[in-house]
Amino acid sequence: MALDLVTIPALSDNYTFLLHDAQSGDTAVIDVPEAGPIDAALNERGWTLTEIWLTHHHADHIQGVEELKTKHPAKVTGAAADASRLPPLDREVADGETFSFGGEEVHVMDVSGHTVGHIAFHLPGSRIAFTADSLMALGCGRVFEGTMAQMWESLQKFLTLDPETTICSGHEYTQKNAEFALTIEPDNTALISRSDAIASARARGEPTVPSLLSDELATNPFLRAGDEPVRQTLGMTDAPAAEVFAEIRRRKDAF
1 MALDLVTIPA
11 LSDNYTFLLH
21 DAQSGDTAVI
31 DVPEAGPIDA
41 ALNERGWTLT
51 EIWLTHHHAD
61 HIQGVEELKT
71 KHPAKVTGAA
81 ADASRLPPLD
91 REVADGETFS
101 FGGEEVHVMD
111 VSGHTVGHIA
121 FHLPGSRIAF
131 TADSLMALGC
141 GRVFEGTMAQ
151 MWESLQKFLT
161 LDPETTICSG
171 HEYTQKNAEF
181 ALTIEPDNTA
191 LISRSDAIAS
201 ARARGEPTVP
211 SLLSDELATN
221 PFLRAGDEPV
231 RQTLGMTDAP
241 AAEVFAEIRR
251 RKDAF
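Numbering (full-length UniProt numbering), first residue to last: 1 to 255.
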């Protein structure tokens, strides 16, 4: 039986996610920006929270953990490399390790760059990846702690996943990301179409997250730094893809 995935808006522009296995009753939440919306979603469905998975230490991803645990005592999983900056962990994990949830393997991916020690959780059986502020819908996170090369290397890891993987990222930044992406690939018909669909969704108050990896591959400039149209726009036809990525990230930072 497939796992149930619920997208929950939180704070002003964050997302958190519930993952539920109906057979066992196990339920995980991925990042805790605030406790209230998660508690409400659990109560609405009659689910019992059993696990909390944390991607990185930024406050808007962990600040609700303590409050949430007062009502839902759940096992907390996070990166061993970042344990000193996370809430107390019951399970410390590292790149390449796996653990079980809902009869599936959860693969841990180190995707440092936005922060050092940022991890993603990938469930190949259900084709879901929780990427938070690494790979985002039409974007990627700012490089705060790592290096541009490190972030590029992290993003490359997502290229190995099934293109039909659902990418669950951490923020509602997609419309602004689309506006920027069009400055890099103004003639990308898939991007133009996606941008129009995003604008319509936001006008209706609908979330644009999660997204499909196949759509990111076709439209996300941060994954397309090695593609010829992107290189030509930037005048970097002979530059290594990592350098092209760094230039795109610098332009986005100033956009």
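In short, the hints are calculated from the structure, not lab data. Take the hints with a grain of salt, since some may be wrong.
What the hints assert, rightly or not - Below 20 angstroms or equal to it, Euclidean Cα-Cα: the simulated SDA-like pairs (lysine to any residue) are:
#, residue 1, residue 2
1, K69, G96
2, K157, T189
3, K69, T98
4, K252, F144
5, K71, R142
6, K157, Q175
7, K157, K176
8, K75, T98
9, K75, R85
10, K69, A40
11, K157, R142
12, K69, A59
13, K75, P88
14, K71, T48
15, K75, F99
Quick caveat: nothing in here was measured; it's all calculated off a predicted structure.
Against the structure, the hints come out as follows:
| no. | hint | in the structure |
| --- | --- | --- |
| 1 | K69 with G96 | 28 angstroms, violated |
| 2 | K157 with T189 | 26 angstroms, violated |
| 3 | K69 with T98 | 24 angstroms, violated |
| 4 | K252 with F144 | 14 angstroms, holds |
| 5 | K71 with R142 | 33 angstroms, violated |
| 6 | K157 with Q175 | 25 angstroms, violated |
| 7 | K157 with K176 | 25 angstroms, violated |
| 8 | K75 with T98 | 16 angstroms, holds |
| 9 | K75 with R85 | 17 angstroms, holds |
| 10 | K69 with A40 | 14 angstroms, holds |
| 11 | K157 with R142 | 17 angstroms, holds |
| 12 | K69 with A59 | 16 angstroms, holds |
| 13 | K75 with P88 | 10 angstroms, holds |
| 14 | K71 with T48 | 10 angstroms, holds |
| 15 | K75 with F99 | 13 angstroms, holds |
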